[in-house]
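S.K.: Here are the chains, one letter per residue:
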Amino acid sequence: MSALLIDDISVEFGRFRAIDRLSLAIDYGEIRGVIGPNGAGKTTVLDVVSGITRPKAGRVVLDGGLEITRASETLIARSGVRRKFQKPSVFDALTAAENVAVGVEGRLRRTAPAAEVRRRALDLLDAVGLADEADRQAGEFSHGQKQWLEIAMVLGGDPKVLLLDEPVAGLSDEETEKTAALVRSLKRPDRAIVVVEHDMGFVETIADRVTVLHEGRTLFEGSMAGARADARVIEVYLGR
Amino acid sequence: MIRSLLGSSGGTGFSLTLAALAVTAALLVATLAGVGPSGFLVNIIGQLAAFALLALALDLIWGYLGILSLGHGLFFAIGGYVMAMHLLMHSFETTGTVPDFMQFMGWKEFPAYWAGLGVFPYALAVALVLAGVVALVTGWVSFRSRVGGVYFAIITQALVYAAMLLMFRNDTGFGGNNGMTGFSVIFGLRMGTETASAVLALASVVVLALGLVATRALVSGRLGRLMLATRDDEVRLRSLGYDTIVLKTGVWVVSALLAAIAGMLYVPQVGIVNPRILSPELSLEIAVWVAIGGRGHLVGAVIGAVLVNALKFWLSFAAPDVWPFILSALIVLVVLVFPNGLLDLSRGFGALKARMRREGVASLDPRRAGP
Amino acid sequence: MLRIAAVLIGLIFATAAGAAPLERDPTLRGLCGNAAASGEAADRLLSATPTLSPDDLAFADAAIGGLLSKKLVCPAAPTDPVALKADTGAVDLATGAPLAALPKGKAPVVSLKNRAKFERLAAALALLAAPNAAARAAALEVLAKSAADVPADLFAAAAGREPDPALAARISSVADLASLYGTDIDKRVAAVARLAEGENRRVLTEIEALRADPAYASEPAFAAAVDAAAAKVSGAIAIGNAAATLYNGLSFASILFMASIGLAIIFGLMGVINLAQGEFIMIGAYVTYVVQEGLRALLPGLLDWYLVIAIPFAFLVTALIGIALEASLIRHLYRRPLMSLLATWAVSLFLINLVRVGFGTQNLQMETPFYITGGIAIVGDFIMTWNRLFAIGFAALTLAGTWFLIRRSGIGLDIRAVTQNRDMAGCIGIPTRRVDMLAFGFGSGLAGLAGLALSPIYNVNPQMGTNFIIDSFMVVVLGGVGSIAGTVIAALGIGQINVLIEPIWGAVAAKVIVLALIIAFLQWRPEGFFTVAGRRK
Ligand SMILES: Nc1ncnc2c1ncn2[C@@H]1O[C@H](COP(=O)(O)OP(=O)(O)OP(=O)(O)O)[C@@H](O)[C@H]1O
Ligand SMILES: [Mg+2]
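Chains as they are written, first to last, in numbering that gives the first Met the number 0: chain Y, 0 to 239; chain F, 0 to 370; chain D, 0 to 536.
Keep in mind the hints are simulated off the structure, nothing from the lab.
Bear in mind that the values here come from a model prediction, so they are computed numbers and not experimental data.
Just to be clear, a hint being listed does not mean it is correct.
[Unchecked claim] From the structure, some residues in chain F lie toward chain Y, with a derived Cβ separation under 7 Å:
(1) GLN102
(2) GLY191
(3) GLU193
(4) ARG235
(5) ASP242
[Said to hold, decoys possible] Reference listing, derived: stretches of chain F covered by chain D, where coverage requires no fewer than 3 residues with Cβ under 8 Å from a Cβ of chain D:
(6) 136-150
(7) 155-162
(8) 284-294
(9) 320-326
Where a beta carbon is used, it is the ideal one built from N, C-alpha and C, also for glycine.
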């Protein structure tokens, strides 16, 4: 059974059709790269999956159960979907550790003792290489640090479906490599990961399969090598 | 001085403010013993404390959740009107004289829904339940439909405006234009005596101190962090699994309750409640007190409310016509030059220049930044 | 006007000339006779009045007037002429010739029964011949009290020669009433039908009262006529009321539209709600007042046209204030919309108090020029008043101008671009700062025009603006940010709802219900009617 099944969705903004009858299935244990030119609709797909945007038609089913198109963002998140936004979104007023703790707890009600939550948060910060910055305010972080902090924050929820929107945008080559290693380490048999990215090299190193979007439709689906060879993909995205 | 009052950890400022409140309370006790400040001053102190509590209520949602209400006068008025009903009933029951209000309304006896309001605990419960329910409904409906920011501010203003129009009508049953006045007894004390004024002021100061301690406990804990997170990026928080609507509605209700309590303290001290308590101007002014004191650290709201209102009291004796001009100048000054209110003032001009250079970035300190 | 009167008088002469002249002497002798004879003479004179020549009318007027004021002298000797005492001496009434001496005789005694007849007669004569309209109107009211005793053709003649159209209409309606309550069934049926031509509530009350008339039960033709007339009039009244509601709603909507369009543009562009928008309206009205006073002092001949002459002033003054405000304050607040609420409120406080200091708090006296005085009756009780039509027309012109500016001009293109994507617009070289400033000025200027359109209809005082901001914001919310079409539709909707609810539950309830509806609407469509959902980062 697919972790995430996107079935024939369409999204419209006014008269503009951002997603046009798109279908996509992502399996557990898989890292899926989603690429495509600017405005192809990649972020919009993630918006639909995380419940921020409602599609005009079609449905999205999580793990064969939850019908995402009818659920609130909160419920979707509680069912195991986590998302890193394209523009790094962290809570500027909180420290790094507090940010991640917010991600770990995931509920208004206290679910675990504060000490345990903090320990887990520190572990995650360690994993993304921010252990030394744990008690600094997130507002003071650089762009790259915010990217990682947000990844740590979403990992706090131990997601079944992890959506990463441009995790290496604005990072140096070295940082990109580190991130690639991190993402690979997140791969688990009970987890599906979707990575939206423009950086081809990055996608190639992490993705099991890629989907190429163009003008709200699937242009290609398969291996990265296959995408590089596909004439239409070259035409609209990779360039000759 | 101011800086330490507002100190960024909140620690020193908070303790200093509590200390100031304790000193004030001691003075009021002295008045009760016949040696403290005069009745007039005592009354002013009491009113300032009530306003400070009101400002505290607003800061809780504006400073920590980023939700600006321009209609908090609504909850203030709910407390005020219920208190007025209590006082009328209580005065009637203890002295037996029919209040002017009833003659004015053409009533022989109080309508059935006034029953029991002469008992203070019941009146308190009524005010809190009423304010809580109104807040619950308005908050839930607005937050659920993602109404926020400027929209929320104006809709709350429209609410308080509609309520004012409603209360201006004589047939609404709360005294219409004239409102309610002529309270003669409170807790068995004759109103207007020095003792009654001192007791009321003391109660206001104590409740303010309690309110300050309670709200600080709230914001410095886990929920406080979630409030700041909501303010910074609500969508982010929601897609981490938090029900921000519940959080916002909950805090909104708490804030409304504080405002209602402030109203209950305020009305006996001014001796009247009428629909002008619901005027949009008053609700806007509350936001001004908070802005001037500096949003998002409670103590600032208290200091802002006290300073602005003290100035207003003084000027409305000295030069009533210039007050509106001073108020608008203060607002523009705060908005343009000191976006964090007195905190900026205390930080001096070095920081100011830095801010000017980074035009557009709202604030120096992200913990205090906000819309 | 005079010319028309002259023509009318000419016509009167022409018709009167065809009638038989009055036999004056027998009439006078009759009047001088006993009660029966004098009553009979009065009756005859009354039935003759409609056809009397102006000369005879003047004669009859003098005779009856003399009789009532006891200046008529009936001679003891039947050969002496009937005379009228004048200030000095006397005249022979029948010929009008002066008399050397007052004949011996006395003034006739008027019996109680005859007095009513003479008074009616005097009124009939006055209605036909009194030179001033007030006297004719007064005479008509006397006749109306006993309309059944007045010959029907008297009213016809009077209506025919009446130069004042309003009075003429009133005469006809009194005449109808007379035949309505007469005895001749055919005439009554005809009168009912004629009555039904005046389609208003008063007529309906009269017609419905006829159902209690004995003839309604006994004469099927009469009953049918009454029923048909009632149906016709109540139909027309219903249409008229609907039209009046629509019209009032439309005029309220026009004002809402003018108050909100500037707000909508500014909010759409900068996310700033200008709480001082109402005060721009107020300033527009004050500028209009200043123009009016200036004209009064310098060019009194043009005073009536102050509303037109003030247009550029109202627009430019408010636009300049708006630009100054944008440049000094608003531009620092684009990213802090909540703070901009406080700041613009401060501005509004400042402006109100400034005007209060400068002009005082009382309502200003605005002239009502002739072109917005009165109105035209359309159907039923619905009168299309010119002042409201002025506001509607003004709003339509504003709409056209705004639409043209936003949709067709270069600056409009820039405004739309910046509204949609500020950063992108900046990137492609649109001077966003300047666009903001101009748009703010334009939005403020529109508010100034709203103030101008309001000034002859509303109370103009320093507080007048505060009533608008909440309603206007509701329009903006409902219409969707920055959409002209949305603003128009929302203004129409809110205007109509207000006008529909007000008569049923009152103005306060109307406000509360509109607010509730808007909150309910936001549940369903948080972005308003016309905007596309904003995008998250
Ligand atoms: N809320 C919105 N309102 C109007 N148009 C929108 C909205 N959200 C997205 N769009 C449009 O939908 C299209 C798809 O946008 P989307 O952000 O999904 O593209 P993307 O593939 O993520 O592009 P990029 O690589 O630049 O991030 C774009 O043309 C965008 O302008
Ligand atoms: Mg994207």
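S.K.: Compare the structure with each hint and give your call.
M.R.: Okay, the hints, checked on the actual structure:
Below 7 Å, beta-carbon pairs count as interface contacts, and GLN102(F) has none with chain Y, the closest being about 52 Å; its hint is therefore violated. Because the smallest distance between the Cβ of GLY191(F) and any Cβ of chain Y comes to about 47 Å, over 7 Å, the interface hint for this residue is violated. About 46 Å separates the beta-carbon of GLU193(F) from the nearest beta-carbon of chain Y, more than 7 Å, and the hint is not met. Checking ARG235(F) against chain Y: minimum C-beta separation of about 4 Å stays under 7 Å; hint holds.
Interface hint at ASP242(F): satisfied, since its Cβ lies 5 Å from the closest Cβ of chain Y, which is below the 7 Å cut-off. Residues of the stretch 136-150 of chain F with a Cβ under 8 Å from some Cβ of chain D number 9, which satisfies the need for three, so the listed coverage holds. Counting residues of the stretch 155-162 of chain F whose beta-carbon sits less than 8 Å from any beta-carbon of chain D gives 5, enough to reach three: the coverage restraint holds. Counting residues of the stretch 284-294 of chain F whose CB lies closer than 8 Å to any CB of chain D gives 3, which reaches the minimum of 3, so the coverage claim holds.
Residue count for the stretch 320-326 of chain F with a Cβ under 8 Å from a Cβ of chain D: 4. That meets the three needed, and the coverage hint holds.
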